[in-house]
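Visitor: Spelled out, the chains give:
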Amino acid sequence: MSDLARKTIHDLAPLIERREVSPVEVTREVLARIDALDRRLHAFITVRPDEALAAARQAELEIGRGEYRGPLHGVPIGIKDNIAVAGWPATNGSAAMRDFVPDYDATAVTRLREAGALILGKNNQHEWALSGTSLWSAFGRIHNPWDEARVPGGSSGGSAAAVSASLAYASVGSDNRGSVRIPASYCGVVGLKATYGLVSRFGQLPATSATTDHLGPLAKDVTDAALLLNVLAGHDPADPTSIRSEPKDYTDGIRHGVRGLRVGVPRNFFFEQAAEDVQILVRQAIEQLEVLGAELRPVDLPSLRHLSFASGGVPTEMGNFLLPLVKQGRSAFTDPMLWERLVIGQFSRAADAIQAARIRNLIGWEFKAAMEQVDLLAMPTMMTCAPTIEDALDPAKRVSDGVIVLTAPFNLNGMPTISVPCGFTGEGLPVGLSLAGRHWEDHLVLRAAYAYEQATSGGYAVPPIAQEQAVGS
Amino acid sequence: MALTNEMVSAMLIEVFETDFDSAEVERLRPLIERHLERMRQLQDLDLGNDPRAMAYITDHRLQP
Numbered sequence: 306m307s308d309l310a311r312k313t314i315h316d317l318a319p320l321i322e323r324r325e326v327s328p329v330e331v332t333r334e335v336l337a338r339i340d341a342l343d344r345r346l347h348a349f350i351t352v353r354p355d356e357a358l359a360a361a362r363q364a365e366l367e368i369g370r371g372e373y374r375g376p377l378h379g380v381p382i383g384i385k386d387n388i389a390v391a392g393w394p395a396t397n398g399s400a401a402m403r404d405f406v407p408d409y410d411a412t413a414v415t416r417l418r419e420a421g422a423l424i425l426g427k428n429n430q431h432e433w434a435l436s437g438t439s440l441w442s443a444f445g446r447i448h449n450p451w452d453e454a455r456v457p458g459g460s461s462g463g464s465a466a467a468v469s470a471s472l473a474y475a476s477v478g479s480d481n482r483g484s485v486r487i488p489a490s491y492c493g494v495v496g497l498k499a500t501y502g503l504v505s506r507f508g509q510l511p512a513t514s515a516t517t518d519h520l521g522p523l524a525k526d527v528t529d530a531a532l533l534l535n536v537l538a539g540h541d542p543a544d545p546t547s548i549r550s551e552p553k554d555y556t557d558g559i560r561h562g563v564r565g566l567r568v569g570v571p572r573n574f575f576f577e578q579a580a581e582d583v584q585i586l587v588r589q590a591i592e593q594l595e596v597l598g599a600e601l602r603p604v605d606l607p608s609l610r611h612l613s614f615a616s617g618g619v620p621t622e623m624g625n626f627l628l629p630l631v632k633q634g635r636s637a638f639t640d641p642m643l644w645e646r647l648v649i650g651q652f653s654r655a656a657d658a659i660q661a662a663r664i665r666n667l668i669g670w671e672f673k674a675a676m677e678q679v680d681l682l683a684m685p686t687m688m689t690c691a692p693t694i695e696d697a698l699d700p701a702k703r704v705s706d707g708v709i710v711l712t713a714p715f716n717l718n719g720m721p722t723i724s725v726p727c728g729f730t731g732e733g734l735p736v737g738l739s740l741a742g743r744h745w746e747d748h749l750v751l752r753a754a755y756a757y758e759q760a761t762s763g764g765y766a767v768p769p770i771a772q773e774q775a776v777g778s
Numbered sequence: 011m012a013l014t015n016e017m018v019s020a021m022l023i024e025v026f027e028t029d030f031d032s033a034e035v036e037r038l039r040p041l042i043e044r045h046l047e048r049m050r051q052l053q054d055l056d057l058g059n060d061p062r063a064m065a066y067i068t069d070h071r072l073q074p
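Listed in order, the protein sequences are those of chains S and W. Heads up: the first sequence at position 21 corresponds to 326 in my numbering, and the numbers run straight through without jumps. Heads up: the second sequence at position 8 corresponds to 18 in my numbering, and the numbers run straight through without jumps.
Read the hints as simulated data drawn from the structure, not as lab findings. Treat the hints with care, as some may be off.
[As the list claims (entries may be wrong)] The calculated label-pair distances, taken between Cβ atoms and stated as ranges, are:
1) Leu57/W / Pro603/S: 42 to 52 Å
2) Ser32/W / Arg703/S: 18 to 28 Å
3) Ala515/S / Leu55/W: 20 to 30 Å
4) Glu322/S / Gln53/W: 57 to 67 Å
5) Asp554/S / Gln53/W: 47 to 57 Å
6) Glu356/S / Leu57/W: 25 to 35 Å
7) Asn59/W / Lys702/S: 38 to 48 Å
8) Arg44/W / Ala341/S: 44 to 54 Å
9) Ala12/W / Arg572/S: 48 to 58 Å
10) Arg602/S / Gln53/W: 51 to 61 Å
11) Ala580/S / Ala12/W: 35 to 45 Å
12) Gln53/W / Gly731/S: 42 to 52 Å
Idealized CB from N, CA, C, for every residue including glycine.
With the hints as constraints, model all of the structure from the sequences given.
Guide: And the structure:
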């Protein structure tokens, strides 16, 4: 792999600004990589080389005229396929949406374009964003760049696979139960779900569940995630849940370290469900935070024992939206389990939704009380490393049910949460450390993740498939 | 809750306004039974008397 493809955005941006590297050169590089590798990974549904190169030439002209807009200017970025890009198909991984072409940009896309980012393509995903595996898409099964026999996680699986294999410098995904953080953990990249209401969801098609949906970046390292958040964050009147907040530079203070921060380590729920190799790596990562000066404190969150009731089985907006498609029968879906889940979901009652909301509230209050004692929480992002496709296809193993368990609490409570790589299992598969903070303290989450990253791996690790592909790169 | 295929078929028609073939009904029956049992367990949960838990949804972002 070439040095250019391997770079992070914060490494690449100064070269573009100084005109040592052209956005056209950068775009050609990633397009060549997509051409060479994506037939194996299926990380993209739509790529438009001509449009990407035309935008790159425009960026080159602007920068040449001294109109440099900032670190995303001239940088090719992917967008999950359930997010609207004007004039591009938005399939949501479903054959039923093959010909759906929105005529407007999502606010996230508008902001990226204003920052000069180049929209490279639409990333593949699990059908309708309704599973954390990415096992099923009408546009091909997505594979994990660290081991092609494994799932990449989801539902933003194409986004994570593309960033991990350096087919894009970053991507924007959606996260309703963990769909940014799950694939980030499985693919060894950084995934950030900011405070609910900080990043506009306008243009997410359709809402999965409006009170738990988030859009967020998948990036090669923590600094790049902060650079993306700088652009994505901010009030949007088109999203009724968007909250007015002061513009902030999330890279400011990112180097201030964790000395004196109180890091809560949950005693129940998270570690007790994690595989031993994951537990070992995440506990080592948390010990590293202590070495760096953080104070570790145990935290109890007993209501999480009811989580499965609050997070699954109750009616959602997506369930209602898809009802006409469900009526068409099983064949309207690529994922054979999805149709069944949507049918069954119709037999929940309003009383069930209200009881589930009470549980959600209890969990929310417990997290809120815990966050009065600590500044951050640290725990595993996932229970395991990426499962094999064979295991995920076996209904008896219930992989799809298990993947969202540790990430869903932070969709229910809206706290900012990041997954940052924290090492590899004996099989060479990445594992993610999850750090969560108080609402609106996204900067602290990024700061702790950065401190950990810099003290350990130093950032982006290149997966085998990206290393073996040297031809043309 | 034990359901017969006839009961499941009637439930499906009620919601989906369409007839499901018998093989599909047979396949869905245990899944619907399990789901209804889960929802019964949900209703039976004792969530305590904390008045904060009685609210439908609290937006924790907005609390001082």
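Visitor: All the hints need checking, so say for each whether the structure fits it.
Guide: Going through the hints against the structure:
no. : hint                           : result
1   : Leu57/W / Pro603/S: 42 to 52 Å : violated (24 Å)
2   : Ser32/W / Arg703/S: 18 to 28 Å : holds (27 Å)
3   : Ala515/S / Leu55/W: 20 to 30 Å : holds (25 Å)
4   : Glu322/S / Gln53/W: 57 to 67 Å : holds (60 Å)
5   : Asp554/S / Gln53/W: 47 to 57 Å : holds (48 Å)
6   : Glu356/S / Leu57/W: 25 to 35 Å : violated (53 Å)
7   : Asn59/W / Lys702/S: 38 to 48 Å : holds (39 Å)
8   : Arg44/W / Ala341/S: 44 to 54 Å : holds (46 Å)
9   : Ala12/W / Arg572/S: 48 to 58 Å : violated (40 Å)
10  : Arg602/S / Gln53/W: 51 to 61 Å : violated (36 Å)
11  : Ala580/S / Ala12/W: 35 to 45 Å : holds (36 Å)
12  : Gln53/W / Gly731/S: 42 to 52 Å : holds (44 Å)
Figure legend: structure checked against the earlier numbered hints; hints not met, in rising order: 1, 6, 9, 10.
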